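Construct all of the structure, not just a fragment, from the sequences and the given hints.
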Amino acid sequence: MMSEQATAVGVFGYTPDRYEALRLTSHGGIVAVDGMLRHREGEALESGVFASLLALQGHGYLAAHLPPSGTGAGMWPVRLTLTGTGLLAGFQHDHAHHTEAQAEVDRAPAHADPGDVR
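Per this note's numbering, residue 1 is the first one in the sequence shown, and the count goes up by one each step.
The hints are simulated quantities; they were obtained by calculation from the structure and are not laboratory data.
The model shown is predicted, which means the values in this text are computed figures rather than measured ones.
We put the CB at the ideal spot given by N, CA and C, even for glycine.
Simulated restraints, written as ranges between beta carbons of each label pair:
hint, residue 1, residue 2, range
1, 107, 67, 43 to 49 Å
2, 42, 68, 15 to 21 Å
3, 69, 15, 35 to 41 Å
4, 79, 46, 16 to 22 Å
What follows is the structure, encoded as structure tokens:
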């Protein structure tokens, strides 16, 4: 029997790019212009984040919505679907552990001997 988190995650395991794509979308930072996903402010997206957005959209984790009237019909807000929200919630724990592990690597002296256990 699969857990609820595993069901929400589906085929997508945690990666920093997928987490960032979901996080940006949840904060209103992603829009669709002429069907193409992009950052709301026109900032360049890293290739891994952009690829993650496309994959997440293709699997139903993201959806573009009609823009509010008077905002310019060319920019459609992209939002998380219910399964996308579940995926982001599942990634929160993984992201915290990834960030902690990366901080440990960053703090380790570059010249340390791996066999040196003081």
